[in-house]
Every structure is written in structure tokens, then in C-alpha cells.
Amino acid sequence: MTAAVRSGADGFLARYDALRDLLPGDPRERAAAAEAFRRTGLPGASAGRREEAWKYTGLRPLADASFAQSVSPTSAHSQIRARLPQIEVPRIVFIDGMFSRELSIVPPAVHFARFAGRAEFGSIARPDGQPLVALNTMLAEDGAILEVPAGADAGLLILVSAATDRAAFHPRHVVRLAPGARLTLLDLAFGDGSYLHNPVFEVTVAADAALTHVRLQNESTSAFHLATLYAEIDERGTYDSFVLNLGSRIARTEAHARLTGENGITHLNGAQLLNGMQHADFTTVVRHQAPYCASRQTVKNVLAGRSHGVFQGRIEVARHAQKTDGYQMNQALLLSPDAEIDTKPELEIFADDVKCSHGATVGELDADQLFYLRSRGISDAEARSILVRAFLAEALDAVSNETVREVLDQAVEGWWEKQAA
Amino acid sequence: MSASTPTLDALQSVTQSGYKWGWETDIEMDLAPKGLNEDIIRLISSRKEEPAWLLEWRLRAFAAWQQMTEPHWARVEHQPIDYQDLHYYAAPKKKPGPKSLDEVDPELLKTYEKLGIPLKERAILAGVDPETIQGTQVAVDAVFDSVSVATTFRETLKKAGVIFCPISEAVRDYPDLVQQYLGSVVPVSDNFFAALNSAVFTDGSFCYVPKGVRCPMELSTYFRINARSTGQFERTLIIADAGSYVSYLEGCTAPMRDENQLHAAVVELITHEDAQIKYSTVQNWYPGDAEGRGGIYNFVTKRGACRGARSKISWTQVETGSAITWKYPSCVLEGDDSVGEFYSVAVTNNHQQADTGTKMIHIGKRTKSTIVSKGISAGKSNNTYRGLVRVLPRASGARNYTQCDSLLIGDACGAHTVPYIESRNPTAKVEHEATTSKIADDQLFYCRQRGLSEEDAVNLIVNGFCKEVLKELPMEFAVEAQKLLAVSLEGSVG
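So the protein sequences, as listed, match chains G and H.
Read in order, the letters of the first sequence correspond to residues 1 to 421 in the working numbering.
Read in order, the letters of the second sequence correspond to residues 1001 to 1494 in the working numbering.
Where hints are given, some of them may not hold.
Below, computed lysine-lysine pairings styled on DSS-like, alpha-carbon distance capped at 25 Å [as the list claims (entries may be wrong)]:
1) Lys1429(H) x Lys55(G)
2) Lys1467(H) x Lys355(G)
3) Lys1380(H) x Lys323(G)
4) Lys1467(H) x Lys1359(H)
5) Lys1365(H) x Lys1467(H)
6) Lys55(G) x Lys1359(H)
Calculated Cβ distances over 12 Å to all of chain H for the following chain G residues [as the list claims (entries may be wrong)]:
7) Ala18
8) Asp21
9) Asp26
10) Ser66
11) Gln79
12) Arg83
13) Gln86
14) Thr221
15) Ser222
16) Gly276
17) Glu316
18) Arg319
19) Thr324
20) Ala332
21) Gln410
In short, the hints are calculated from the structure, not lab data.
Treat the numbers as computed from the prediction; the structure is a model and nothing was measured.
The beta-carbon is built from N, C-alpha and C at its ideal position, and this holds for glycine as well.
Same shape as in the complex, but just chain G (with noise of 0.2 Å):
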């Protein structure tokens, strides 16, 4: 065997080769990645350095798991159905990354076209560089292009991903919103078995618009979810994003967020709630470059059994982006020996008039705490169990949509059961 194929990217690559002439869009960009994948591979995969932006991160079991392409069964439909939050709603929903028009509702106040259809790949989400986005770009064959025109109040909208054993998909997301535009995005994936679900997110805010991309990453823990967003965000736009990690056995979340124009808003925050042999990071870059914009981040770590949670956020400050106003804080709380947690928060500054701050705090459950509920006859595991739902509370209090809210409470609670089974 030679060492190509152990990086895991061979299978990838032969699966473009075999379908290069039936995908859509622009073959030039398509081949490009594919150069772009090859030369790097998975992250991680190979022996030797390891890149430092996957540093804690590593897809050697991805690169040895295989994947078949099948047709999923339309009897999955029910029980997809049935795995859908219970919200009259509009939503999209994908099957092993292709659009099922039965399950979905097409949303009125948004302009939804497939990417198999419409096929861009856009400017912001680069391959160079990006390895996840290198191999998405190159044999991604459908998702979600989802505009809301100028002024217009979309409401909710649910972007489903429901997956089926030894499935590989890429799906490419396309969200922009005209000046004034206002969407909130419940973005939910979940599934049976071992699979990959790769997806780019290209988020295009205009002036005055406000996205709140609420991410509920629920898949299978045997599952690979791996996923890359980048969001531009214009003057006075808004992207207020919340990711909440409970499935996968390895999860990354990637998220660029670039402020480009004055007064602009981003919140990056996140929970991750593991257990096992689960692995899941949170890597996030907020680029500061214009004036008076603010970032803000909290996210938090609960990590039980042998689980893995990462932390990577940087801030960056341009040269002329002075009262940046940057604030990150991200706390773990390690249920058990055997858990490890890896943070690393990054400030890189080049201009004099900000203010930024990060902290980040790493434990168990306090000692006191944990006294002052016992001393009233609360079981120990009773006990624990508030004051980690309490520690989990501060970060989920960033979503204030109360639909979305609700999934994700009811997300923990199945989170909480399936442990206590």
C-alpha cells in the first residue's frame, strides 16, 4: 500500500475522477480543488507535522473509514419525518446531502434554488488552503441557496440534514441576505450509523440585514461532521450564530466570521456537550476590518467518559479598525478523568484604540456548589446534574429565539436521557 492511499485521500479523489462530468457548475473550479485537495489530504491524517490550525484535530479515522454512495430508501422518509421538530415551520430538508422535495416546505418570504441546480461557488469559502473546503468544493452536488430580498422579514426557517450509514456528502450552502433582510436559521443534522456530512456555509450579510444561524449538530456518534462556514458581514449587519455540538465521533465546526463594514455585529458562541470516545472542535476567526464593529463569543465545554473538546478562537484587529470592540470567554467543565479539553483563544491586534479581552477557565463542578445543593438533600447526581444544566444554561441564554430555543433545550434533555440509559 503506498502512503497516498493511507492519507485517507485517495477514496476522494477517485469518487471526483469518477464523477467529474456529471457534477454541476464550473469544472475549472472543481479541478482546482481538487489539485488543492490533493496536495494537502485530510488534516492530520498522515504522520508527520500537523498543520497548527488542526493542531488538536486530527481525521486519521476518517481517512480510514470507507464510505459507500448509496440511494437511501424512501421508507426513511417516516422515520426522518417523524425525527423533525414538531414546528409548522418552513424548512428544506436534505437526504444524505440531496434535496427531498417531500419532506421539505419551501419557505414564501425566502428565494430557495438548489446548488444542484444553480451551481456557484462563491468567493468567500476559498479552497486554497482549506483543505474541508477543497474536498467540498470538489464533489459537492447539492444544497441550500437561500436569498432574503431587501427589507423582507423571513422569519424561521429549519435547514434539515438527515443522513444514512456509510453516506459521504458536501453539501454547499449559499445564505445571503439583501440590505435590511432579516433570517432566522435553525440548522439541524442528524443520522444513523457512520457517515460524513462535509458542508460549506457561505454567508453574505448586506447593511442593516440580521442573520441568526442557530446550528443544532446532532448526528450519529459514529458519524464524521465536519463543517466550514464563512460569514461577511456589511455595516450594521448582524450575524448571530449558535452552534450546540452533541453527536459525531469527530466534529469540527469551522467559522469565519469578517466584519467589513462599520458598526457591524458578530456572535460566534457554542456548547459542546460530549461523551465517550466523542472529539468535537470549535474553531472560530473573527476578522475585524472596519471601524466600531463588535464581536462577541461565549462558548462552553461539558465533557464526560473519554471525550475530546477543542477551542480555537482568534480575533483578529486590522490596522483601521479602531474601536473594535472584541470579547471571547470560553469555559470547560471536565466531568471526568478521562475527558481532555484543548483551548486555545487567540488575540492578534494591529490597531491601538480597541478594547478586547478573552478569558477562558478550565474545572470541575465546584466543590461548594455541589455541597450546598447536597446539604438539602439533593442526591449527588441530582446535584450534578443542575449544576451542569446551569453552567450549560449561560451559553444557550444567547439564543433568544423561543422556537429555536425549545429544540435546543429539548436536544440536552434527549442528550441527558440517552446518558442516563
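Given the coordinates of chain G, work out where chain H should sit on it, guided by the hints.
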């Protein structure tokens, strides 16, 4: 609004004021040919009359170094270094020991004068009989280029049982101690620059404090880089045996010159049970001119191992000099209840680049570490804090507190913070805080309104910003450090 115009003007004047300690002593030098190969290493070893094991050790380091590549992960930029274009050995020509100061090379005395060494110590340094001179309480082991010219107070220390001498003497006189500890904290192949140092180090200090001894005085070394194009490869090894205490001061000034100079020192500290080492540095090597020409490349590996229970290592540094600083004084906390501390002030101006911080590796139970880092950037400089706190599974009850503050002066500089936190023990508690700010206009206004000049006001504010670190310095250094801050940002800025 960013820094006020007077502040910027003041900064301008800093760049004009030049380097106060810029001079070069003209003493005849004994230079090895340029270049690095096994023969040069054999030459160094034979000149130093070293035992075979040390030559072997050097050659092993050299072999490792040849397999390594220069690290580029730090946020520093420089021209490629031609390691074959350096002299790896330079020693002042030996003369018979002088009887009094009159016989000492006047150039050497002038150097001491500029360094601010008291007259009595100058005599001692120059090799005049130390027992005839009384009064000062600081022992100085001056490294004049690569060979220790003289060591003071050796006898006084000897009475306490403390060994303090150039490392080359220690190799000769205490080979067992050196062989036991050398490279035990920083292995020969630890990193590119440490390997280079291990292969070619020519001198440095060695200190051994025996069991239960509190070293009767602060130990001090003045490092000077003196010959053109000689890299300085110091090796320092300090061992504090059970229950002992020692405070070590390291201070640096260097002559002005055009060529960039490489400095790759290695410092190893070892503390046994209940022992304590306090290591303080004031680093003020030539930072290069206002355009960023010249200046020292300071690529240093400093690491301490708290081997024994309840032992403690404390690093305090004030870094104002060098064109490039690449330095991460670290603590490996092996003993249960051992303590590591890192207090740092790093000032960069003009085109200086500093990438500095610490590593705290918690291995033993209930180990504690404190990190306080203050970065000040001015001019077109870049100042990075890069640190790692790692808690291993066995380190139950470990505790870390980290605080990194950055101050930006002017809108052409950069301040960066890159902390890594890795915890594998749930009972460990790790906290990190970082802030970035500028000198507030209201603070400046407050001082100006009370009649302080802009320059004094900024000086006051910067000193206040650094206070938590400066108070950790021994008296001898605290004064010098404050002066250095003022000089480094001279004009108005601290």
C-alpha cells in the same frame, strides 16, 4: 483617536536618541575560523580542555541539529541566518593575572564602567585578588564574550558551600555534577536552537547550592556580546539541592553594530525537594536602529524542572532589547505541590519583534503556576505572548492563573496573544485572562493636568501597568528595570 500627536513626536525622539549602551571594546581576540562543522566543535572542546564525554555529547547535539530545520512558527520575520558565516569561538587573549587595576587592559575597565559595575567589582572582574576587596554584596560572573574573564566572590560563596563558576570550570572541577544534570532539562535535541547551543556552547555559568543552604547573596552575570560576528552561545546550569534557595540575576547590554547577531542561549534550572530558584533577567541587547537594521536575534531556551516536592522556580524577565526575541522560560512541575511562576514585561519599539511567553507543565499533584505577562508595543513593532499551560492526568488539584495584558502605543504596532490550555485532569483549575488596551486619554490628561510632562506621564502609566511584574524583581534590578523601560520608550513613552 489613537495616540496623540505629542506621543508620536515623543516616539520619534526615541528613535533618534539611539542606544545608550552602544559601544564596542577593542581587545585582541582569539577567533576560530567562520563556519560550523565537527572540526570546529572538536576545536572548541579541545580549547576548553573538555573530557571525552562532553565532546561526544556536543557531537551528538550537532548530529541532531543537522537533521533539524529552523522553526518558523513564531510571529517573527528575519533574513535567513547563515550558520556557516559565524565565528563559533572567540576568547580574549590571556595575559598573566594583573596585580592591581593599573595593569588591567584599560579597554576592559572602560567596558565595566559603562556597564555600571562598581569599582571594587571591576578589580575583581579583571582578576585582581578578590579577598582584598570587601563591601559589595553582589557576586558577578562576567561573561566577556565567550570566556568568563573573572569570577568574583568565589571564596565567600565557597564558605557557604555554594559552587558558582564558569561552566567550563565546573566541567573540569565538578564533572560528576555537570554530567548528571547537563541536558537533563533541555535535551540536546530539544529544539533547533538548543541543539545548536549544545553543540557549540563556549561558556556560561554553573551554580550548585547544596542541601539546606540559603545562598548568602544574589548571584549575577553580566552578559556581553563583544566581537563582531560572533554568535553567543551561553549555557547556564543551576541546581538547587533539597531545601536550598538561590536568587540569580542576569543582565545584558551589548555594543552597537550593524550586523545582526545570533544569540542562542540555554538555561537549565533544577530544584530538588523544598528548594527554590528565583531567576531574574533584564535583557537590553541592541534592538537595531529606527529602520530595523541590525540588532540581536535572541533565540533562547530557558527551562526549569521542579523535581522535588514543594520546590519552586520563579522566572522574572524584563525584555526591552534585541531585534528579535524568541524566548519561553518554562517550568516542568514534576514534584507534588511544586510551584512555577512567570512574570514578564516585554517592551518593543521601532521594528523590534518579541515572541515570548512561558510553558507550565503540571505533572505532580497540587502543582501551582502563576503567569503574569505585560506586553507593550510601540513604533512599528510586534509583541506576542505565546504560552502553554498543560495539565497531565496525574496532576490532581493543579492550579493555574494566567493574566496577559497588552498595551499599544501608536497605530503602527501589533499586540498578539496566543495562549494554549490543555487539561486532562478534572480536578485541575485553569484560568486565563487577557486584555488589550491603549494608554487612556483620561489617564494622560489627569497626569498632564497635574503638571507632569507628556513623557513623564506615559512613563508613570507604563510603570504602573508593569508594576505587578517589576515588584517581583530583586532590588538591584528593579531600579535598572524602571530606567530601562523609560529608555526603551524614551521621549515620552515610559
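* **Hints violated by the structure (listed by number, smallest first)** => Structure breaks hints 5, 17, 18, 19, 20.
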